[in-house]
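Chains as they are written, first to last, in my numbering: chain A, 2 to 308; chain B, 2 to 305.
Just so you know, the hints here were simulated from the structure itself, not pulled from any lab data.
There may be inaccurate statements among the hints.
Said to hold, decoys possible - No more than 20 Å apart at the CA atoms, straight line, and that leaves these computed lysine to any residue pairs for SDA-like:
| hint | chain 1 | residue 1 | chain 2 | residue 2 |
| --- | --- | --- | --- | --- |
| 1 | A | Lys132 | B | Ala274 |
| 2 | A | Lys132 | B | Ala166 |
| 3 | A | Lys132 | B | Pro270 |
| 4 | A | Lys132 | B | Glu271 |
| 5 | A | Lys132 | A | Ala178 |
| 6 | A | Lys132 | B | Leu157 |
| 7 | A | Lys132 | B | Tyr139 |
| 8 | A | Lys132 | B | Ile251 |
| 9 | A | Lys132 | A | Ala77 |
| 10 | A | Lys132 | B | Thr268 |
| 11 | A | Lys132 | A | Ser235 |
| 12 | A | Lys132 | A | Ala143 |
| 13 | A | Lys132 | B | Arg257 |
| 14 | A | Lys132 | B | Ser282 |
| 15 | A | Lys132 | A | Met231 |
| 16 | A | Lys132 | B | Met284 |
| 17 | A | Lys132 | B | His275 |
| 18 | A | Lys132 | A | Leu142 |
| 19 | A | Lys132 | B | Val244 |
| 20 | A | Lys132 | A | His205 |
| 21 | A | Lys132 | B | Leu120 |
| 22 | A | Lys132 | A | Gly230 |
| 23 | A | Lys132 | B | Ile147 |
| 24 | A | Lys132 | B | Leu264 |
| 25 | A | Lys132 | B | Ala279 |
| 26 | A | Lys132 | A | Leu75 |
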Amino acid sequence: MNQRHAEIGLLLAAAALPLVLQSFGEDYYIGFATRLLIFALAATGLNFIVGYGGMVAFGHAAFFGIGAYAVALLMAAGLFSAWLAWPLAVGAAALAALLIGAVSLRTRGVYFIMITLAFAQMIYYSVISLKFAGGDDGLPLARRSTLAPLDLANDATLYWVTLALLAACLFALQRLAASRYGSALAGLRQNETRMEAIGYPVRHIKLVCFVVGAAVAGLAGALLANQNGMASPSQLYWTQSGMLLVMVILGGVGRRYGGVLGAIALLGLEEVLGRVTEHSHFYVGLALLAVVLFAPHGLAGLWARQK
Amino acid sequence: MTQLILEQMLNGLQFGLMLFLLAAGLTLVFGIMDMVNLSHGSLYMGGAYFGAAAAEASGSFLLGMAAAMLGMAAVGVILEILLLRRLYQRDHLAQVLATFALILIANDAVRMIWGPQPLLLNPPAALAGPVELFGFIYPAYRLLIIGVGLAVAIFLYLLVSHTRAGMWVRAGAANRAMAEALGVNVRQLFTVIFALGAALAAAAGVLLGPLLAVQVGMGENILILAFVVIVIGGIGSIRGALVGSLLVGIVDTLGRALLPTLLRATTSPEVAAHLGPALASIMIYLLMAGMLFWRPQGLFPARS
């Protein structure tokens with residue numbers, strides 16, 4: 002019960018953040034905080050696949066990017082309503098994951114890493130060669146999606162909507178992990194052969210996990226397109242997949258808040274270092290190396306050990 | 002038309018051989034130590050920068066090349082002993098995190114030393130012009146690259162298949178634990194392999210420098226191509242890396258040159274304009290995914 006209280010307290014504090022920032026006149030940081038939450042959401046989706054499903058997927062940028070491009074393309078076609086466009090973006094990411102997962106899950110280990118990378122690169126190169134998707138320049142949004150009765154043009158509103166969606170996704174994934182399905186997934190992670198022998202539809206269970214994680218990334222992509230005002234090819238590139246994976250590992254693979262912690266730590270560190278040096282990535286890289294060598298279970302693991 | 006195809010074949014061969022220089026080191030790291038090394042592209046970038054700076058300072062392309070290869074081999078030894086050794090026993094996730102961190106560090110380190118602007122690397126003056134070849138004009142420098150690439154490929158082949166050290170390498174790739182039990186010092190052997198792989202990656206960086214830009218991020222693109230190569234060839238196999246490199250180099254180059262023309266002949270120009278470049282650039286990834294699906298061990302499986 003104690004943890005539930007802490008979670009609600011944190012959620013309230015996060016919800017109050019825009020008001021605090023506004024009162025200090027630091028409105029720029031509302032946009033930054035929204036970005037943190039969006040990446041936290043995308044990383045949470047990947048954490049479900051890697052941490053709960055035990056699949057090291059190296060192509061998460063594909064689903065992240067598909068969500069963004071879906072919103073941008075629908076808007077170019079005249080569909081502005083988030084009530085329609087966002088679910089469609091999630092659906093597009095889920096459908097792509099269904100197709101990619103159905104093929105990729107026939108492989109395992111390093112081969113799974115490589116095949117998800119291959120598919121993500123295919124999507125990247127397909128999108129940048131499509132003229133109507135903006136090619137190398139990306140596809141700008143005319144304005145933000147409309148989410149009547151809310152006004153997403155207001156930065157604080159977009160922040161709150163993002164926070165609400167992140168909290169809802171965390172809650173839903175947590176319930177899913179605690180369900181019968183989640184137990185099967187956990188069993189599978191420990192011993193796939195045994196689960197198969199008992200009669201569980203192993204590939205089916207993994208595919209569902211893969212699709213759910215990708216759908217969450219699709220939602221994050223739809224939000225990022227709104228926050229950035231565009232869908233950008235860099236969101237689909239393999240280094241983005243690498244960044245998301247780094248966030249998950251940094252935060253703690255398979256920990257409930259691993260994705261959130263990792264995204265906040267990485268982007269936060271980048272922002273803070275960016276204030277004092279042009280070469281923030283140099284120091285971010287050193288910090289990541291320190292985590293690999295001295296905190297093998299990520300930041301969440303560090304926390305748990307100290308307790 | 003035949004001349005175009007012939008020229009593109011030569012370009013493909015040239016690109017393939019450069020990919021081989023990268024893939025040779027990567028496949029051994031991957032195959033023997035089961036290590037996902039994302040920082041191999043950074044060794045390539047580092048080599049290009051070392052080479053460009055040394056060539057600028059000495060006025061000699063050849064000295065630039067030597068400096069790049071020696072410098073990156075030294076960097077490789079230090080990296081292997083200080084960091085990578087601690088990662089072999091860890092899972093792929095830890096390896097991804099650490100080697101991705103190395104990419105971030107390398108990119109910013111290069112920016113700190115040489116600034117954000119791309120460097121200029123000129124080919125040796127003697128090779129700047131074109132030569133006539135079987136009745137058509139071909140850049141002399143590209144011919145040099147093909148020559149060097151072939152020489153390195155033959156050298157590596159002899160090294161791996163006809164020397165004692167090469168036998169150790171093959172034994173390590175086939176079954177590391179057994180090789181160790183039979184007295185091969187895989188640890189030391191591996192430091193040497195990593196240094197050699199770094200030197201070859203640096204050589205590729207210097208050789209491609211005059212053709213592509215010497216700039217931050219140049220390693221990220223080609224790293225993925227090197228992964229495509231070693232997956233197709235079979236992880237851990239030098240022979241597979243060579244065949245895979247040539248296949249990827251030629252398929253990619255020919256596809257980009259010919260697919261748009263082919264599509265225009267068979268479909269409407271509008272479809273061809275959209276589909277041609279897209280199809281050409283994803284072809285090698287289709288090849289990779291297909292290989293992983295039907296024959297994940299690759300063309301030449303190294304593991305027993």
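Quick rundown of the hints versus the structure:
no., hint, verdict
1, Lys132(A) <-> Ala274(B), "holds (9 Å)"
2, Lys132(A) <-> Ala166(B), "violated (52 Å)"
3, Lys132(A) <-> Pro270(B), "holds (14 Å)"
4, Lys132(A) <-> Glu271(B), "holds (11 Å)"
5, Lys132(A) <-> Ala178(A), "violated (41 Å)"
6, Lys132(A) <-> Leu157(B), "violated (44 Å)"
7, Lys132(A) <-> Tyr139(B), "violated (33 Å)"
8, Lys132(A) <-> Ile251(B), "violated (26 Å)"
9, Lys132(A) <-> Ala77(A), "holds (13 Å)"
10, Lys132(A) <-> Thr268(B), "holds (18 Å)"
11, Lys132(A) <-> Ser235(A), "holds (16 Å)"
12, Lys132(A) <-> Ala143(A), "holds (17 Å)"
13, Lys132(A) <-> Arg257(B), "holds (17 Å)"
14, Lys132(A) <-> Ser282(B), "holds (15 Å)"
15, Lys132(A) <-> Met231(A), "holds (15 Å)"
16, Lys132(A) <-> Met284(B), "holds (19 Å)"
17, Lys132(A) <-> His275(B), "holds (7 Å)"
18, Lys132(A) <-> Leu142(A), "holds (16 Å)"
19, Lys132(A) <-> Val244(B), "violated (34 Å)"
20, Lys132(A) <-> His205(A), "violated (36 Å)"
21, Lys132(A) <-> Leu120(B), "violated (31 Å)"
22, Lys132(A) <-> Gly230(A), "holds (19 Å)"
23, Lys132(A) <-> Ile147(B), "violated (35 Å)"
24, Lys132(A) <-> Leu264(B), "holds (17 Å)"
25, Lys132(A) <-> Ala279(B), "holds (10 Å)"
26, Lys132(A) <-> Leu75(A), "holds (15 Å)"
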